[in-house]
Amino acid sequence: MLQDLLSVNLSIPFWLSSPSPLYEFIAIVLYVIIVSIIFSVFGYVMGWLERKLIARAQYRHGPTYVGMWGIFQNMADLIKLLSKRDVIPQRADRVLFAVSLPLLLALSIFVILLLPYSPGLQATSLGFGMLIVFTIIAFLPLLLFTAGFSSGNKFSGISAQRSVLILLSYEIPTLLVIASVGLMANGYNLQSIVSGQHIYYALLMPIGFIVFFIAMLAEFERPPFDLREADSELIAGWLTDVSAPYYALALFLDYARMFLGSVLIAILFLGGWSGPAILPPLFWLILKAFIIAIFVIMVRATAFRMRADRVLRFGWAWLIPLALINLVITYLVFVG
Amino acid sequence: MSVTRINVGPIHPSTHGVIRLVVDVDGDTIVNVEPHAGFLHRGVEKLAETRMYMQIPPYTEKLDYVAPMSYDEAYVAAVEAAMGIEVNEKAKYVRTVLLELQRIASHLLGLGTLCNDIGQMFTVFMWTFKDRDIVLDLLQEATGSRMFYVNMRLGGMHAELPPDFAEHAYNTMNYIEKRVSQYETYVEKNTAFMERMRGIGVLSSEDAKALGVAGPVLRASGVNYDARKHSPYYMYDKFHFNPKVMLTGDNFARYKVRMLEMKESVRIVKAALKAMPEGSCLGMPVKLRSPNPVNRTVSVSRELPRGECMMYLVADPQKPYRLSIRSPNMVNLAAIGHIAKGARFADLFGILGTLDIIMGCVDR
Chain Y
0 MLQDLLSVNL
10 SIPFWLSSPS
20 PLYEFIAIVL
30 YVIIVSIIFS
40 VFGYVMGWLE
50 RKLIARAQYR
60 HGPTYVGMWG
70 IFQNMADLIK
80 LLSKRDVIPQ
90 RADRVLFAVS
100 LPLLLALSIF
110 VILLLPYSPG
120 LQATSLGFGM
130 LIVFTIIAFL
140 PLLLFTAGFS
150 SGNKFSGISA
160 QRSVLILLSY
170 EIPTLLVIAS
180 VGLMANGYNL
190 QSIVSGQHIY
200 YALLMPIGFI
210 VFFIAMLAEF
220 ERPPFDLREA
230 DSELIAGWLT
240 DVSAPYYALA
250 LFLDYARMFL
260 GSVLIAILFL
270 GGWSGPAILP
280 PLFWLILKAF
290 IIAIFVIMVR
300 ATAFRMRADR
310 VLRFGWAWLI
320 PLALINLVIT
330 YLVFVG
Chain X
0 MSVTRINVGP
10 IHPSTHGVIR
20 LVVDVDGDTI
30 VNVEPHAGFL
40 HRGVEKLAET
50 RMYMQIPPYT
60 EKLDYVAPMS
70 YDEAYVAAVE
80 AAMGIEVNEK
90 AKYVRTVLLE
100 LQRIASHLLG
110 LGTLCNDIGQ
120 MFTVFMWTFK
130 DRDIVLDLLQ
140 EATGSRMFYV
150 NMRLGGMHAE
160 LPPDFAEHAY
170 NTMNYIEKRV
180 SQYETYVEKN
190 TAFMERMRGI
200 GVLSSEDAKA
210 LGVAGPVLRA
220 SGVNYDARKH
230 SPYYMYDKFH
240 FNPKVMLTGD
250 NFARYKVRML
260 EMKESVRIVK
270 AALKAMPEGS
280 CLGMPVKLRS
290 PNPVNRTVSV
300 SRELPRGECM
310 MYLVADPQKP
320 YRLSIRSPNM
330 VNLAAIGHIA
340 KGARFADLFG
350 ILGTLDIIMG
360 CVDR
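Line by line, the protein sequences give chains Y and X.
Per numbering that gives the first Met the number 0, numbering through the first sequence is continuous, rising by one, with the last residue being 335.
Per numbering that gives the first Met the number 0, numbering through the second sequence is continuous, rising by one, with the last residue being 363.
Simulated from the structure, these hints should not be mistaken for lab results.
Certain hints may be false.
Said to hold, decoys possible - Below, a list of computed lysine to any residue pairs in the SDA-like style, where the Cα atoms sit at most 25 Å apart: (1) Y:Lys153 with X:Asp25; (2) X:Lys188 with Y:Phe212; (3) X:Lys188 with Y:Trp47; (4) X:Lys228 with X:Phe128; (5) Y:Lys51 with X:Phe124; (6) X:Lys129 with Y:Lys153; (7) Y:Lys153 with X:Phe128; (8) Y:Lys153 with X:Thr28; (9) X:Lys340 with Y:Arg309; (10) X:Lys188 with Y:Lys153; (11) X:Lys340 with Y:Asp230; (12) X:Lys286 with X:Glu33; (13) X:Lys129 with Y:Tyr58; (14) X:Lys177 with Y:Tyr58; (15) Y:Lys51 with X:Phe128.
Please model the complete structure; the sequences and the hints are all you need to start from.
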């Protein structure tokens, strides 16, 4: 694993040869550290890029003062948020309020660690890896629900209700699309899904790709489905009463989820780490995720937020039928 | 289902100033909305009783901080009527041009905040804001200020227009006309926008009349009334202009009336610039003593960007005895309880955005 990762031939001492327990331990720790670095850097760059790109779309400059092109603005914001006092409202359920946001972040990072990043950089090679990933992702809206209700704020309460609504509208199409991906790849192993993509699944199943992209937007609270956080209606939705350090966590969570969604789309539909061999496979995966994330940001710059009842209608009237059609076509054309 | 009472404001991202709405929601449906105004009360009407006539325009301007010149003009027109001062011929044209420019600037901002309210955070807003700045550049050329102008004098203006103003204004109007069409296509082709506009927040024409709403809100409900047309002042009757009326009375109609009005304003500005006579537009310089009023009570009606405003002035020598302002925003805000009943909670802010209220004017 180490050799693959660094793309150089390390002269590994005998006690680090692969079957030894020390090797396993170091490999696990290194894996966690490397993936954390990847997603933190990705999240940080996306956070900065989102500000800059949105600013460009809006005739603004975005951050300019802290560092070159304002690159350290997010760092400054983080320091500001961490140095402020955290206030837990009196009416809030203290335990749930304090636990749900860190738990959300922890679960998101857990899913991020479960994903494969290149042939050499992956945690597990389970046959049902993708199912585990999506099972955990399905828990996130429930945690948003508890986070919303635990603060005792009415705006957060409405946001929590909307969270359930989104869960109802987008989980089913997501699972249907996953099923068709599983059909194509003959299983739910993420590695074999990637290696099976001689032609990208986005080209073989364009409908499924679009449905999955929209569902991921909704899943991870990106506009136009940001109705849980709807600034102009619900102040900040489930984050209304969340103050300084927790809010920093929430921002972190935003980009963790963005990374998760982009990498998932890249793995399931855009061939994951496959690409010309001149650059390491990890680079191709991150590049694809990066392009998807930029697209997601541009959607935010242009789309109007959807209303809650409309989201439900859209999910059931369009996405579920489309996902079903995609499943049937996939079965008939590629399997049957 | 039980009814939940939600307190929107006074601090809320999309309340257009400091307003508190007490909203009763049954699930996601609004049962009742009760606006609470008064957070910005400055007592302008009472303040006016303690000031000399030409010391008051800076106060009236701050009533509507998005279209200050319109209020400036409405007040000065009331004083002119009380003193029996005739506005000189060129000043009439100049005022028409400037007021219409102010209307365009105000409606552009209205469109931007509306898009913010229904969840397109800041893209349309920043675009319209940029175009508004271009219009404000023109106003700055003419008056020297970008926001609070105080450029009306009794019988005319405080200064002549700069020599190349007409040309600049003409170019800007062409640009604005193009941009307004672009905005229309941009937002009206967006189904998410139209879903939150069409058929939402319907105000029938009977209700509109009964509630006494004003301006674009009234005309969107199919009532053909525009003070510029029905009690014409300055040069409005010369330019064959028609009030823009929509029949549906929903959010979309209120938005569309403003877009159409912008185009009409562009036309009026162009026509007025073309027909502008030679001569001076200067009014009386501001002196401590002003002429004594000849009419004790006057009332002047003006079509501001947000609706018809009435200035009721009881004139004493040198000072108003009483200045009473009928604010179009106040009546439009008061109608929100009626309009928003039965709408979704998320649409409350769309409705608030199409009413386009300015709290400085509501609270006075």
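Of the hints stated earlier, which fail here?
-> 3, 4, 6, 7, 10, 12
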